[in-house]
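Let the hints inform the model, and build the full structure from the sequences given.
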Amino acid sequence: MVDEQKMLLNVKNLKQYFPIKGGILGRTVNYVKAVDDVSFTVYEGETVSIVGESGCGKSTTGRAILRLDEPTSGNVEFDGADLLSLNKKEMNRMRKHLQIIFQDPYASINPRHTVRQILTEAMEIQNVWPKEKRDEKVIELLETVGLGAHQADRFPHEFSGGQRQRIGIARALSVNPKLIIADEAVSALDVSIQAQVLNLLKKLQRELNLTYLFISHDLGVVRHISDRIIVMYLGKIVEIADKKSLFENPKHPYTKALLSAIPSTDVDNKKERILLKGDVPSPIDPPKGCRFHTRCPFATELCRTEVPELRSSSDTTSDHQVACHHAEAIESGSLQPVVSS
Amino acid sequence: MIQFTIRRILQTIPVLIGVSILVFSMMHLIPGDPAQIMAGESAPQEQVDNLRENLGLNDPLPVQYFRYISDVVQGDLGNSIRGGTEVVSEIGSRFWVTVELAFYSTVLAVFIGIIAGVISATRRNTFVDTGVMVLALFSLSMPNFWLGLMLIQWFSIGIDLPSWIPFLDNTSWFKPSGWGSFSQLVLPVITLGTGSAAIIARMTRSSMLDVIGQDYIRTARAKGVKERIVIYRHALKNALIPVVTVIGLQFGTLLGGAVLTETVFAINGMGRLIIDSISARDFPVVQGTILVIALLFVFVNLLVDIAYKLLNKRIDLD
Numbered sequence: 000m001v002d003e004q005k006m007l008l009n010v011k012n013l014k015q016y017f018p019i020k021g022g023i024l025g026r027t028v029n030y031v032k033a034v035d036d037v038s039f040t041v042y043e044g045e046t047v048s049i050v051g052e053s054g055c056g057k058s059t060t061g062r063a064i065l066r067l068d069e070p071t072s073g074n075v076e077f078d079g080a081d082l083l084s085l086n087k088k089e090m091n092r093m094r095k096h097l098q099i100i101f102q103d104p105y106a107s108i109n110p111r112h113t114v115r116q117i118l119t120e121a122m123e124i125q126n127v128w129p130k131e132k133r134d135e136k137v138i139e140l141l142e143t144v145g146l147g148a149h150q151a152d153r154f155p156h157e158f159s160g161g162q163r164q165r166i167g168i169a170r171a172l173s174v175n176p177k178l179i180i181a182d183e184a185v186s187a188l189d190v191s192i193q194a195q196v197l198n199l200l201k202k203l204q205r206e207l208n209l210t211y212l213f214i215s216h217d218l219g220v221v222r223h224i225s226d227r228i229i230v231m232y233l234g235k236i237v238e239i240a241d242k243k244s245l246f247e248n249p250k251h252p253y254t255k256a257l258l259s260a261i262p263s264t265d266v267d268n269k270k271e272r273i274l275l276k277g278d279v280p281s282p283i284d285p286p287k288g289c290r291f292h293t294r295c296p297f298a299t300e301l302c303r304t305e306v307p308e309l310r311s312s313s314d315t316t317s318d319h320q321v322a323c324h325h326a327e328a329i330e331s332g333s334l335q336p337v338v339s340s
Numbered sequence: 000m001i002q003f004t005i006r007r008i009l010q011t012i013p014v015l016i017g018v019s020i021l022v023f024s025m026m027h028l029i030p031g032d033p034a035q036i037m038a039g040e041s042a043p044q045e046q047v048d049n050l051r052e053n054l055g056l057n058d059p060l061p062v063q064y065f066r067y068i069s070d071v072v073q074g075d076l077g078n079s080i081r082g083g084t085e086v087v088s089e090i091g092s093r094f095w096v097t098v099e100l101a102f103y104s105t106v107l108a109v110f111i112g113i114i115a116g117v118i119s120a121t122r123r124n125t126f127v128d129t130g131v132m133v134l135a136l137f138s139l140s141m142p143n144f145w146l147g148l149m150l151i152q153w154f155s156i157g158i159d160l161p162s163w164i165p166f167l168d169n170t171s172w173f174k175p176s177g178w179g180s181f182s183q184l185v186l187p188v189i190t191l192g193t194g195s196a197a198i199i200a201r202m203t204r205s206s207m208l209d210v211i212g213q214d215y216i217r218t219a220r221a222k223g224v225k226e227r228i229v230i231y232r233h234a235l236k237n238a239l240i241p242v243v244t245v246i247g248l249q250f251g252t253l254l255g256g257a258v259l260t261e262t263v264f265a266i267n268g269m270g271r272l273i274i275d276s277i278s279a280r281d282f283p284v285v286q287g288t289i290l291v292i293a294l295l296f297v298f299v300n301l302l303v304d305i306a307y308k309l310l311n312k313r314i315d316l317d
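Here the protein sequences line up with chains A and B, keeping their order. Numbered by numbering that gives the first Met the number 0, the letters in the first sequence go through residues 0 to 340 in order. Numbered by numbering that gives the first Met the number 0, the letters in the second sequence go through residues 0 to 317 in order.
Take every hint as true, because none was put in to throw you off.
Computed cross-link-like contacts, DSSO-like style, restricted to lysine-lysine with a CA-CA straight-line distance of at most 30 Å:
(1) Lys177(A) with Lys225(B)
(2) Lys136(A) with Lys236(B)
(3) Lys88(A) with Lys236(B)
(4) Lys225(B) with Lys14(A)
(5) Lys225(B) with Lys130(A)
(6) Lys225(B) with Lys95(A)
(7) Lys87(A) with Lys236(B)
(8) Lys132(A) with Lys225(B)
(9) Lys236(B) with Lys130(A)
(10) Lys225(B) with Lys87(A)
(11) Lys20(A) with Lys225(B)
(12) Lys287(A) with Lys255(A)
(13) Lys225(B) with Lys11(A)
(14) Lys95(A) with Lys236(B)
(15) Lys132(A) with Lys236(B)
(16) Lys225(B) with Lys136(A)
It is worth saying that the hints were derived from the structure and are not from the lab.
Shown next, in the form of structure tokens:
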């Protein structure tokens with residue numbers, strides 16, 4: 000299904016290094032390698048999720064694609080256009096097609112603007128609807144996200160968290176985007192509201208043919224909404240696969256550990272939890288070789304010296320890619336974990 | 000809104016009562032017998048006693064206070080000891096001179112302060128930011144009477160500079176004293192406004208930095224809003240709330256600063272009237288002037304509260 004589709008977003012070798020200033024003269028002494036050489040593709044109409052623990056660079060990737068932070072290097076191709084080579088004005092015009100929903104519905108909308116102002120501002124800037132139709136469009140958008148027309152002239156503080164996130168979604172939709180980056184769009188909400196918002200996003204995707212890049216740390220949410228999943232660890236992609244393949248047949252030891260951490264409601268079928276030792280190393284000075292080797296129970300000498308490339312392993316399709324030297328050996332059982340406890 | 004304004008006006012009443020008590024007790028707290036001071040050092044005891052009786056100084060303090068306050072409410076601030084003229088007429092035109100001075104200084108301070116603060120905040124940690132903030136700290140640390148004297152020296156009297164310096168050499172661009180014409184206005188307004196401009200600049204900068212770091216600014220950028228509009232429509236409007244409060248308080252500082260500035264520039268305003276009256280021990284005038292200045296300060300802060308409410312539709316002060 001994926002192969003026939005049109006490529007909408009193609010990210011190549013994206014790097015985002017944040018300088019650390021230090022010393023008396025405030026010179027750059029080092030870099031935080033938040034995103035280090037990340038490449039992936041998003042096809043039109045699908046939902047791709049990026050998962051990983053805090054600080055793995057998933058949100059930074061989203062922001063770098065939109066150039067909310069200027070990426071250090073790399074290539075972002077969107078609908079045939081090279082985003083990073085656009086000047087500010089052209090980029091601002093391009094934003095019509097790429098919108099973002101932020102994590103915190105309390106902080107991400109201007110508290111001094113009414114809902115109407117919030118929604119029309121984007122329309123004005125991007126000039127998407129004729130002036131006289133904008134009011135009508137505001138009402139339509141509010142109804143789309145399940146709010147009422149009578150709420151258009153209220154201020155954000157008059158809404159609940161879930162309602163505010165709907166305003167955020169309506170705002171993102173107001174310019175008719177092709178791609179929406181949802182940066183932890185539901186993680187600030189109650190579980191019951193999460194489900195509502197996720198179902199709304201799914202419904203909108205069907206109706207408006209949207210493409211989502213869904214950034215989340217919540218595997219339950221990701222499982223619910225994604226077509227394909229990207230797993231990141233410390234600024235690098237460790238595994239990319241479609242949802243079914245990833246959840247049923249994870250290849251990377253990190254992905255396995257991550258999946259084993261999903262709480263299960265099935266008492267009879269207790270999974271064994273894979274506990275990782277230690278903490279995530281600092282992205283300022285990431286481990287050489289495979290970034291996961293400091294915590295990986297299977298790590299060998301090869302892992303400490305050589306960076307594994309993202310590749311498809313012998314028993315998976317070409318769509319399932321993993322960055323591990325020993326994916327096959329672990330699968331076949333010929334490489335056993337080093338038990339330390 | 001009207002309800003809020005009325006409530007806010009009613010809230011000023013206790014403040015005004017407090018101010019009047021303080022001003023009233025000044026006469027009695029200062030060492031020495033007011034009647035003796037009024038009559039003069041060498042006056043005979045009988046005359047002093049007479050005066051004391053006439054002034055009602057033998058009555059209990061509360062009685063005296065109520066007499067004073069009922070006069071004040073009717074617009075009678077007593078008579079000057081020196082000239083015997085009414086204090087109200089002494090203050091008269093001087094009132095507007097001081098108000099003008101403080102007002103122009105506030106306008107200058109707000110104008111420069113907000114622009115400097117925004118420039119500084121949007122170019123955070125650059126050479127420009129550091130430069131503006133060093134300048135602000137410098138202005139803040141400069142005593143305003145000293146700044147006034149220096150300005151007079153440089154721009155009114157003129158200083159001898161080597162001939163290769165193209166201007167500033169023996170300049171006399173502005174008048175060093177008096178009030179009224181534009182050329183008399185420039186130096187005192189700069190003198191008085193500089194310190195406040197620095198405080199407002201620093202406040203604006205930190206408030207702007209706070210707001211620029213907010214998520215909704217990122218939202219605006221993600222919409223494709225032009226950077227200039229992001230700064231003015233989204234950031235500055237939200238950042239101004241604490242700045243407005245500071246502006247109101249600064250107006251009070253400016254009224255106090257006016258005392259020195261008016262002295263340096265020989266401006267005939269309320270500040271100089273206070274100084275002159277203090278040295279002549281003309282208590283009714285000092286009392287009256289301080290009361291008027293306090294009223295003015297309370298009034299300006301009332302305006303600030305109303306402006307606050309208008310600026311910040313979101314917060315209900317009711």
